[in-house]
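Novice: The residues making up each chain are set out below.
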Amino acid sequence: MTAIIEVQHLVKIFGEHRAVNDIHFVVEQGEVFGLLGPNGAGKSTTIKMLTTLLPPTSGKASVNGFDIVRSTTAVRHSIGYVPQALSADGNLTGFENLLIFAKLYDLPRSVRKTRAWEVLEYVGLTDAGNQLVRNYSGGMIRRLEVAQALLHQPRVLFLDEPTVGLDPVARQAIWDHLMKLRQESNMTILLTTHSMEEADSLCTRIGIMHRGQIAVIGTPDELKATVGGENPNLNDVFVYYAGDALESGGSYRETSRARRTARRLG
Amino acid sequence: MKLQEREGQRAGLAKNASGTLALPVRRSIFGNLVGKAWTIAEWEARKIRHDFTDLITRAVQPILWLLVFGEVFSHIRAIPTGNISYLEFMSPGILAQSVLFISIFAGIAIIWERDLGVIHKFLASPTPRVSLVIGKGLASGVRALPQAIVIYLLALILGVHMNFNPLCLLGTFVMVVLGAGCFSTFSLIIACLLKTRDRVMGIGQVLTMPMFFASNAIYPIAIMPSWLQVIARINPLTYVVDGLRTLMLTNTTSYTSLVPDFAVLIGVTIVLVALGAKLYPRIVQ
Numbered sequence: 001m002t003a004i005i006e007v008q009h010l011v012k013i014f015g016e017h018r019a020v021n022d023i024h025f026v027v028e029q030g031e032v033f034g035l036l037g038p039n040g041a042g043k044s045t046t047i048k049m050l051t052t053l054l055p056p057t058s059g060k061a062s063v064n065g066f067d068i069v070r071s072t073t074a075v076r077h078s079i080g081y082v083p084q085a086l087s088a089d090g091n092l093t094g095f096e097n098l099l100i101f102a103k104l105y106d107l108p109r110s111v112r113k114t115r116a117w118e119v120l121e122y123v124g125l126t127d128a129g130n131q132l133v134r135n136y137s138g139g140m141i142r143r144l145e146v147a148q149a150l151l152h153q154p155r156v157l158f159l160d161e162p163t164v165g166l167d168p169v170a171r172q173a174i175w176d177h178l179m180k181l182r183q184e185s186n187m188t189i190l191l192t193t194h195s196m197e198e199a200d201s202l203c204t205r206i207g208i209m210h211r212g213q214i215a216v217i218g219t220p221d222e223l224k225a226t227v228g229g230e231n232p233n234l235n236d237v238f239v240y241y242a243g244d245a246l247e248s249g250g251s252y253r254e255t256s257r258a259r260r261t262a263r264r265l266g
Numbered sequence: 001m002k003l004q005e006r007e008g009q010r011a012g013l014a015k016n017a018s019g020t021l022a023l024p025v026r027r028s029i030f031g032n033l034v035g036k037a038w039t040i041a042e043w044e045a046r047k048i049r050h051d052f053t054d055l056i057t058r059a060v061q062p063i064l065w066l067l068v069f070g071e072v073f074s075h076i077r078a079i080p081t082g083n084i085s086y087l088e089f090m091s092p093g094i095l096a097q098s099v100l101f102i103s104i105f106a107g108i109a110i111i112w113e114r115d116l117g118v119i120h121k122f123l124a125s126p127t128p129r130v131s132l133v134i135g136k137g138l139a140s141g142v143r144a145l146p147q148a149i150v151i152y153l154l155a156l157i158l159g160v161h162m163n164f165n166p167l168c169l170l171g172t173f174v175m176v177v178l179g180a181g182c183f184s185t186f187s188l189i190i191a192c193l194l195k196t197r198d199r200v201m202g203i204g205q206v207l208t209m210p211m212f213f214a215s216n217a218i219y220p221i222a223i224m225p226s227w228l229q230v231i232a233r234i235n236p237l238t239y240v241v242d243g244l245r246t247l248m249l250t251n252t253t254s255y256t257s258l259v260p261d262f263a264v265l266i267g268v269t270i271v272l273v274a275l276g277a278k279l280y281p282r283i284v285q
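Chains A and B supply the protein sequences, listed in that same order.
Sequential numbering from 1 applies to the first sequence in our numbering.
Sequential numbering from 1 applies to the second sequence in our numbering.
Among the hints, a few may not be true.
[What the hints assert, rightly or not] Listed below are the simulated BS3-like cross-link pairs for lysine-lysine, each with C-alpha atoms no more than 25 Å apart in a straight line:
1. 278/B x 60/A
2. 195/B x 278/B
3. 60/A x 113/A
4. 113/A x 195/B
Note that these hints are calculated values from the structure, not bench results.
Input sequences plus hints: build the corresponding full structure.
Specialist: In structure tokens form, the structure reads like this:
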């Protein structure tokens, strides 16, 4: 096994607030690593630092062997990123959305179109490829975004709460696609979620974040074992490690963003 | 062997993770920068192609200015415009005005895109920040160009004499794109600093009024009080109007004034783009 994401003493401070407070973890190639935690635990901040959107206050991290501060372009070429909000452009067709990103990711002209149709087929959107994304359902937009993140064959796929706001059917479809991807490609996936079910069914390993720190890391089974009791599930693990945070809830900004996403899905 | 491995993986779909990246095109730094700015502009052009109602509604305002304000002021002859009619004098000014109005609220679109997560994806892609900013500027230019066509058509209908020399037409289009790029980058910088729609809207409205009236768009600088003349001279819009007037009207005797007009605008735009590229990542932080 080779480490593909290495995080050492990573810290991010906003003003007085330590959003991420000295975390370290390693993700091996081919893992599906889940960052779990309540709203405001620092998951999104961590993912933003690893995807080079946010410079860390201190500490080090590398993705695919490239330092996230010094080798940003190499990191960006190595990763695919699906942000939390449904961000595909509704005024373009699915195919056009992909074409624009194929260009931004330096795909050679000769393969752009075929590659775009390939990934559309991969996520089951061949028939909808020439429709405006405005007419897609939430689940279809999410699949399109996964397709877009796969265009340039990244080494690591980052997904920030990939199924938030989706209905159960769409959520299941996304899970199926990610499972297929994992089996077929050995691609490394790092996702954030606050759904226990999602973490349990997708992730090979989970890190539970709480107040900017990683409270515990392990496989779903290991984590369940640490809690003890009869037939513990990940919900119990979650409450055990991040319980007091459930009361206080997430920040206003995160809540409003989740609502907006939900509205957009109608 | 490495190469074979790569080729094999490209044929496969997602079956690459254990291998190497797709072979990206190698381009010079400059080619990369320009090519990707062009891609961002293409994105906007494709949007317009699917839905051009926005272009039509935006054309209403300059038409009203020319038809109502222009006609009235032509008749009262209150403004000295030398040997040309007031409508002729005003037409390039109204084009410059619509370029300003289209571009100065570009920052609001940027904040909208931030909320949608589009900017996150752009910033996580290997696209130079400068390209993202220039691309947005070009995109505003794409939205402003149809205004130029509307003004030319309207001027034809109203019987205003316009210069249809192809080189001058080309110069007009370049000036429109440059002006749009300049003002929209300015708006982008405001958006990166203020970060909310309401604030950018407010500042935009506060700025457009003085920028428009403290310029030579609808009256010559010479009739202004001296303190206002100073402001008009440091107002980039004045240089857009001046350049457009030289390029669009038939009474132009010398084109030398285009040199300072373009020089000032290019200079200001370069500074704004550099600043914008520096600030752009802050919008998602």
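Novice: Go through the numbered hints given earlier and state which of them the structure violates, listing their numbers in rising order.
Specialist: 3 and 4
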